[in-house]
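Q: Protein chains in written order, with the working numbering: chain A, 1 to 421; chain F, 1 to 317; chain S, 1 to 166.
Some hints could be false.
Pairs of lysine-lysine residues, derived as DSSO-like cross-links and limited to a Cα-Cα distance of at most 30 Å, are as follows [stated by the list, open to error]:
#1 Lys161(F) to Lys131(F)
#2 Lys74(S) to Lys76(F)
#3 Lys243(A) to Lys334(A)
#4 Lys66(S) to Lys47(F)
Chain S stretches covered by chain F per the calculated footprint, using a threshold of three residues with CB under 8 Å from any CB of chain F [to be verified]:
#5 51-63
#6 104-112
#7 148-156
Don't read these hints as lab results, they were simulated from the structure.
Computed from a prediction, not measured in an experiment: that's the story for all the values here.
Where is the CB? At the ideal position from N, CA and C, for every residue including glycine.
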Amino acid sequence: MKILIRSGRVVDPASGRDAVGDVAIADGRICESLAGEPERVIDARGLVVAPGLIDLSARLREPGYEHKATLESEMDAAVAGGVTSLACPPDTDPPLDEPGLVDMLRRRAKALSRARVYPVGALTVQLAGERLTEMAELAEAGCVAFSQANSPLSDTQVLWRALQYAATFGFPVWLRAEDYCLARGGVAHDGEVATRLGLPGIPAFAETIALGALLELVRASGARLHVCRLSSAGAVQLMRAAKAEGLPVSCDVGAHYVHLSDMDLGYFDSHCRLTPPLRSQRDRQALSAGLADGTIDCMCSDHTPVDEDQKQLPFSEAEPGATGLELLLPLALKWGEQRNLPLARTLARITSDPARILGVQSGRLATGAPADVVVFDPRAPVRISAGMLRSQGKNTPFLGYELEGRVRYTLVAGKPVYESV
Amino acid sequence: MQSNPQLNANGELRHLLSIEGLPREVLLSILDTAASFVGVTEREVKKVPILRGKSVFNLFFEPSTRTRTTFEIAAKRLSADVINLNIAASSQTKGESLLDTVANLSAMQADVFVVRHASSGAPFLIAQHVKPHEHVINAGDGRHAHPTQGLLDLYTIRHYKRDFSRLTVAVVGDVLHSRVARSLIHGLTTLGTPEVRVIGPQTLLPTGVESLGVRVFHDMREGLRGADVAVMLRLQSERMRGALLPSAQEYFKHYGLTAEKLALARPDAIVMHPGPMNRGVEIDSTVADGPHSVILPQVTFGIAVRMAVMSMVAGTS
Amino acid sequence: MKPLPDAEKLCAGLVAELKPLVGPNTAMIGLYTGGVWLAERLHAELGLAEPLGTMDIAFYRDDYHKQGLARDPKRTRIPFTVEGRDLLLVDDVLYTGRTVRAAMNELFDYGRPARISLVVLADRGGRELPICAQHCGAKVDVPADMRLRLRRGDDGKLRLELERAE
Numbered sequence: 001m002k003i004l005i006r007s008g009r010v011v012d013p014a015s016g017r018d019a020v021g022d023v024a025i026a027d028g029r030i031c032e033s034l035a036g037e038p039e040r041v042i043d044a045r046g047l048v049v050a051p052g053l054i055d056l057s058a059r060l061r062e063p064g065y066e067h068k069a070t071l072e073s074e075m076d077a078a079v080a081g082g083v084t085s086l087a088c089p090p091d092t093d094p095p096l097d098e099p100g101l102v103d104m105l106r107r108r109a110k111a112l113s114r115a116r117v118y119p120v121g122a123l124t125v126q127l128a129g130e131r132l133t134e135m136a137e138l139a140e141a142g143c144v145a146f147s148q149a150n151s152p153l154s155d156t157q158v159l160w161r162a163l164q165y166a167a168t169f170g171f172p173v174w175l176r177a178e179d180y181c182l183a184r185g186g187v188a189h190d191g192e193v194a195t196r197l198g199l200p201g202i203p204a205f206a207e208t209i210a211l212g213a214l215l216e217l218v219r220a221s222g223a224r225l226h227v228c229r230l231s232s233a234g235a236v237q238l239m240r241a242a243k244a245e246g247l248p249v250s251c252d253v254g255a256h257y258v259h260l261s262d263m264d265l266g267y268f269d270s271h272c273r274l275t276p277p278l279r280s281q282r283d284r285q286a287l288s289a290g291l292a293d294g295t296i297d298c299m300c301s302d303h304t305p306v307d308e309d310q311k312q313l314p315f316s317e318a319e320p321g322a323t324g325l326e327l328l329l330p331l332a333l334k335w336g337e338q339r340n341l342p343l344a345r346t347l348a349r350i351t352s353d354p355a356r357i358l359g360v361q362s363g364r365l366a367t368g369a370p371a372d373v374v375v376f377d378p379r380a381p382v383r384i385s386a387g388m389l390r391s392q393g394k395n396t397p398f399l400g401y402e403l404e405g406r407v408r409y410t411l412v413a414g415k416p417v418y419e420s421v
Numbered sequence: 001m002q003s004n005p006q007l008n009a010n011g012e013l014r015h016l017l018s019i020e021g022l023p024r025e026v027l028l029s030i031l032d033t034a035a036s037f038v039g040v041t042e043r044e045v046k047k048v049p050i051l052r053g054k055s056v057f058n059l060f061f062e063p064s065t066r067t068r069t070t071f072e073i074a075a076k077r078l079s080a081d082v083i084n085l086n087i088a089a090s091s092q093t094k095g096e097s098l099l100d101t102v103a104n105l106s107a108m109q110a111d112v113f114v115v116r117h118a119s120s121g122a123p124f125l126i127a128q129h130v131k132p133h134e135h136v137i138n139a140g141d142g143r144h145a146h147p148t149q150g151l152l153d154l155y156t157i158r159h160y161k162r163d164f165s166r167l168t169v170a171v172v173g174d175v176l177h178s179r180v181a182r183s184l185i186h187g188l189t190t191l192g193t194p195e196v197r198v199i200g201p202q203t204l205l206p207t208g209v210e211s212l213g214v215r216v217f218h219d220m221r222e223g224l225r226g227a228d229v230a231v232m233l234r235l236q237s238e239r240m241r242g243a244l245l246p247s248a249q250e251y252f253k254h255y256g257l258t259a260e261k262l263a264l265a266r267p268d269a270i271v272m273h274p275g276p277m278n279r280g281v282e283i284d285s286t287v288a289d290g291p292h293s294v295i296l297p298q299v300t301f302g303i304a305v306r307m308a309v310m311s312m313v314a315g316t317s
Numbered sequence: 001m002k003p004l005p006d007a008e009k010l011c012a013g014l015v016a017e018l019k020p021l022v023g024p025n026t027a028m029i030g031l032y033t034g035g036v037w038l039a040e041r042l043h044a045e046l047g048l049a050e051p052l053g054t055m056d057i058a059f060y061r062d063d064y065h066k067q068g069l070a071r072d073p074k075r076t077r078i079p080f081t082v083e084g085r086d087l088l089l090v091d092d093v094l095y096t097g098r099t100v101r102a103a104m105n106e107l108f109d110y111g112r113p114a115r116i117s118l119v120v121l122a123d124r125g126g127r128e129l130p131i132c133a134q135h136c137g138a139k140v141d142v143p144a145d146m147r148l149r150l151r152r153g154d155d156g157k158l159r160l161e162l163e164r165a166e
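Just need the whole structure built from these sequences, with the hints factored in.
A: Structure representation (structure tokens):
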């Protein structure tokens, strides 16, 4: 199908382009210009035309957690949020440790013809942290990387072997840095807020100690490591030094963490019960600055639908997680605005940068690239409410807030998969 | 959920969830009202008709005989009907959620819920979901707060020492796990106590405890020097298992209250303990039974304080 | 509108009225706050043997469900046995009668008196319960939107005042 997106403000972070112009699409790819008349014209006056968003962590809850959400509802949410590619963590039920499961997930996702789904395989069998998975088989089935999701891998010997094995094949390993013993029993950042609220705390050094260990193992094994969901100022510092040293590492931050801190727990708001925990204002500022200067490569939603019953519990009993696919764009824009960044840099963190980590061709509007495009109104207000969210997860600290940045069109492989007035 | 859930639009006490967040005037009002109820507890007919026809449900998710009993006595002295529910035994184990349990009881015409729960914040969650005429009193939630205990501790201190603005108060022991300590510290700072000290080994003091407005001491003798009040916290036996302490003996040697250590405090210092006491662990028997101890009067004041709190919350609309 | 009577004169009148009636078994209780001031004066001038009792009816009011608990209730102190006593219950103004009803309920939780006589400085009418004063200084007409109060000056002198009711 030949589509012309006309007169929008075209922002392509990968090339630095930020100018009013047209984007032409044919045969599912971006092209220089259209031969003949377009079959569809999208009027993008006053709107921004950007590469479709790439989200490195979105839980689709299938297989196994269909009572929380389904592939249909979450894929709807993704394209409504302008997300055209997403990576899903392996913590499904059963976990993605068998090629058959991965294959089935990819087929289901493909059949729905919405966003592209890149499964992340389990690093160990059942995510139990003891035996390695058949990483080569899983990669062949479509896994783009290997991870433990939020399951601990406390046996450092096994961790080392897993990194060595992944390095053998050049497979990237995506891990959240957390020392299992120090984090055990904790539900909030170990600081003044947790002390006042009487909540068991997870100290920031639970992250930095584990990160230090991971970086040592990267030095020893040469594995490509992507550190997931940074939460502390100390971790940002360690990553900065690791990159300066030239280690093959990258990292991301969850969209909530550049906006919220442990102060936002208020009177035990379980919508703020997240993994990792929201830390102090100082940590939040370091994360925001680290994302701006590129120490943190990209922002993801860490989309985790949780049914309301599991949130209407005392804080320490509530299930951690927040919905995020439909908030990724407005939260990224808000962050960029607060830091006075050019729009191209803001959008890079949710398009070209995650594309680089994922190793895919989308995330840019270059000629020949897949036509995964989002057209949005950067100033249109979006009131976050249970009613407007397409995801089955209505759990967000931003309920009732008004954010800016409304998606108008989402195209995947040159096909419009979402439109709104 | 940002506005203080304990106070209604007129600034009156609708629920009692924590001492933190209560304005000074409300705190003093509770203490003054409690003083009137002490008079009631001292006469022969210990009842007043104020809560006649009202139902007080004691919802104890954590077992406790003494606190539940004092709430029961307090409610009955206000002529309320009291229903005791030991939830640990029944519906929770059947998997009923906290809010479902409360909703079921609400359907049975409850007026006041007295709630004790192992998870910090549980009473706040309940208070968000009760009907307008229902009131929640926190009888202890996790490590967070035990406001009626804090109030009776404040009442006791005021009874013996009168003026908070001249006092040095030392809180000794496992502050990390203590909701009693947190409530008392908030109350003392709100009432203008110039020097509030916490004394304990580093493992038993929470991160950033200074931010509560206290001075930290690891040396008990230094911490007790010149103190007007020493509040001893209970040390639970599980602490030895969590690698927080090596033994009760070593703890007693450095942090147990003996006559010798107490001598460093002011000669008219009072000794308090929320109970139940571990004699020989946090406090020596001679001190517990000695002239400085006001541990038994604390219990009497506790009933009057709970009567005051119940009659204040149940009367707001 | 007629001027308010002189509280000092009314007080003297009550003392004269009560003097022949007091005996060794007589005791007096004043109701907070105006009744306590009046009772302190009467108690001193009548030279009663038993110390003065003071009572706050906060916990016996019949309007708890509408108004909630009154702020800062005072403490009821009855430093003598009530059982078998000839009691003089003293209040400043008698109006609906509800305060006296609450006071009697509270009193009976202390014991069973031989008799209770109600002594008031002013009766403004408007009774809602079958209560009357055995000894009354004066009947006073008060408009429905006003409140009649007893005040005590720094010099200890008593005076009656009108103020707007809320």
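Q: Next step is simple, just say for each hint if it's right about the structure.
A: Verification of the hints:
1. Between Lys161(F) and Lys131(F) the CA atoms are separated by roughly 40 Å; this puts the pair beyond 30 Å, and the hint is violated.
2. With a CA separation close to 21 Å, the supplied pair Lys74(S) and Lys76(F) stays within the 30 Å bound.
3. For the given pair, Lys243(A) sits about 27 Å from Lys334(A) by alpha-carbon distance, which is consistent with the 30 Å threshold.
4. Distance hint between Lys66(S) and Lys47(F) is fulfilled; the C-alpha atoms sit about 21 Å from each other, no more than 30 Å.
5. Counting residues of the stretch 51-63 of chain S whose beta carbon lies closer than 8 Å to any beta carbon of chain F gives 4, which reaches the threshold of three, so the coverage claim holds.
6. Counting residues of the stretch 104-112 of chain S whose CB lies closer than 8 Å to any CB of chain F gives 5, so the stated coverage by that chain holds, three being the minimum.
7. With 0 residues having a Cβ less than 8 Å from any Cβ of chain F, the stretch 148-156 of chain S misses the three-residue criterion, and the hint is violated.
Hint compliance for this structure: hints 1 and 7 are broken, all remaining hints hold.
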